[in-house]
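Here is how the chains run, residue by residue.
2 protein chains.
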Amino acid sequence: MKTTRPIFTSPQDVETAFYEALERADLDAMMAVWAEDEEVVCVHPGGPRITGYAAVREVWRRMFEAGSRLRIRLSEPTMVQNPFTAIQTVREQISVVGDEELRAPVIATNVYVRGALGWRLVLHHASPAPPAPASENPKTLH
Amino acid sequence: MKTTRPIFTSPQDVETAFYEALERADLDAMMAVWAEDEEVVCVHPGGPRITGYAAVREVWRRMFEAGSRLRIRLSEPTMVQNPFTAIQTVREQISVVGDEELRAPVIATNVYVRGALGWRLVLHHASPAPPAPASENPKTLH
Numbered sequence: 001m002k003t004t005r006p007i008f009t010s011p012q013d014v015e016t017a018f019y020e021a022l023e024r025a026d027l028d029a030m031m032a033v034w035a036e037d038e039e040v041v042c043v044h045p046g047g048p049r050i051t052g053y054a055a056v057r058e059v060w061r062r063m064f065e066a067g068s069r070l071r072i073r074l075s076e077p078t079m080v081q082n083p084f085t086a087i088q089t090v091r092e093q094i095s096v097v098g099d100e101e102l103r104a105p106v107i108a109t110n111v112y113v114r115g116a117l118g119w120r121l122v123l124h125h126a127s128p129a130p131p132a133p134a135s136e137n138p139k140t141l142h
Numbered sequence: 143m144k145t146t147r148p149i150f151t152s153p154q155d156v157e158t159a160f161y162e163a164l165e166r167a168d169l170d171a172m173m174a175v176w177a178e179d180e181e182v183v184c185v186h187p188g189g190p191r192i193t194g195y196a197a198v199r200e201v202w203r204r205m206f207e208a209g210s211r212l213r214i215r216l217s218e219p220t221m222v223q224n225p226f227t228a229i230q231t232v233r234e235q236i237s238v239v240g241d242e243e244l245r246a247p248v249i250a251t252n253v254y255v256r257g258a259l260g261w262r263l264v265l266h267h268a269s270p271a272p273p274a275p276a277s278e279n280p281k282t283l284h
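Protein sequence lines correspond, in order, to chains A and B.
Using my numbering, the first residue of the first sequence is number 1, and each one after it goes up by one.
Using my numbering, the first residue of the second sequence is number 143, and each one after it goes up by one.
Hint data in this document are derived by calculation from the structure and do not stem from the laboratory.
Hints should not be assumed to be uniformly reliable.
Computed list of chain A residues with no C-beta within reach of chain B, every gap over 10 Å [what the hints assert, rightly or not]: (1) 9; (2) 24; (3) 53; (4) 59; (5) 64; (6) 94; (7) 128.
Partial pick of chain B residues on the chain A-facing surface, computed with a CB cut under 7 Å [said to hold, decoys possible]: (8) 193; (9) 219; (10) 220; (11) 223; (12) 251; (13) 264.
Note that beta-carbon positions come from the ideal geometry of N, C-alpha and C, so glycine has one too.
Kindly generate the complete structure, drawing on both the sequences and the hints.
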């Protein structure tokens with residue numbers, strides 16, 4: 001029943017595959033980026049902590065079945081990397097396709113780990129970001 | 143001006159020192175656990191992403207000067223570890239000393255990295271957790 005999983009040769013490959021799967025609402029592609037481990041963790045903005053590959057799969061399945069298609073714009077990445085691990089944070093600007101109103105921005109931490117089968121995602125922790133400081137907003141005079 | 147920094151020989155030592163420093167509101171002890179790196183990241187619950195050692199120090203300084211003393215109870219830890227990195231998530235139950243009312247629970251991701259000077263914290267991402275599911279609450283019949 002199981003299809004061959006892709007081999008990701010860099011954390012960036014995993015990141016690209018993760019956000020593409022999210023935008024396409026493609027469950028198989030999404031789960032191919034995750035390490036098959038009981039300690040993987042996924043936190044959606046405002047949601048509970050989900051632990052373990054099977055539980056993480058179930059949450060994505062329900063989210064994708066709910067039907068909203070998302071577009072995600074990434075900015076301001078940070079990265080700490082060593083030979084076996086890459087720790088990334090990034091700002092996600094999420095919008096719903098067909099709905100012009102932007103959702104609030106999100107701060108995401110993604111951790112990628114290199115194993116025998118290449119790089120995989122072991123943690124995605126996303127939480128709502130506060131509004132940008134006033135200095136970053138367009139000035140209004142009255 | 144600089145005092146000698148302690149050497150932490152395990153991620154657990156860093157974790158213990160981090161939460162003790164937080165409870166004691168001890169800025170020097172807090173900053174001793176962080177890697178002196180421009181890519182370290184700290185996100186307080188509901189707060190912005192703070193990047194870089196100096197900026198992270200400034201946020202803790204302001205928080206500790208504000209004066210509230212906190213008690214933090216940790217539960218349900220997860221850990222993914224390899225020789226150079228430990229990725230932890232944990233539930234924090236934070237209470238304010240002198241105020242019986244508990245604050246909402248928090249989900250925290252902590253990432254510890256091993257360098258030439260032992261283990262250090264490179265990321266603390268904390269965000270509000272949703273209320274526990276009804277099944278975990280005491281039953282009320284009417």
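These are the hints, each one checked on the structure:
1. Remark: the non-interface label on residue 9/A is consistent with the geometry, its nearest Cβ contact in chain B lying 18 Å away (cut-off 10 Å).
2. The Cβ of residue 24/A lies farther than 10 Å from every Cβ of chain B, with a closest approach of about 26 Å, so its non-interface assignment holds.
3. Here residue 53/A stays apart from chain B, with its beta-carbon at least about 12 Å from theirs, past the 10 Å limit.
4. At roughly 13 Å from the closest C-beta of chain B, the C-beta of residue 59/A stays outside 10 Å, upholding its exclusion from the interface.
5. Distance check for residue 64/A against chain B: the nearest CB is about 21 Å away, which clears 10 Å, and the non-interface claim stands.
6. The claim that residue 94/A lies off the interface holds: its Cβ sits roughly 16 Å from the closest Cβ of chain B, which is beyond the 10 Å cut-off.
7. A cut-off of 10 Å between C-beta atoms contradicts the statement that residue 128/A is not in contact with chain B; the least separation is 8 Å.
8. For residue 193/B, the interface hint holds, the least distance from its beta-carbon to any beta-carbon of chain A being 6 Å, beneath 7 Å.
9. For residue 219/B, the suggested interface contact is broken, since its CB lies about 10 Å from the closest CB of chain A, more than 7 Å.
10. The interface hint given for residue 220/B is met, as the beta carbon of that residue sits about 5 Å from the closest beta carbon of chain A, less than 7 Å.
11. Here the hint on residue 223/B is broken, as its CB sits about 9 Å from the closest CB of chain A, past 7 Å.
12. Given hint, residue 251/B at the interface with chain A, holds; its Cβ is 5 Å from that chain's nearest Cβ, closer than 7 Å.
13. At its closest, the beta carbon of residue 264/B sits 5 Å from a beta carbon of chain A; the interface hint therefore holds under the 7 Å criterion.
Of the numbered hints listed earlier, those contradicted by the structure are 7, 9, 11.
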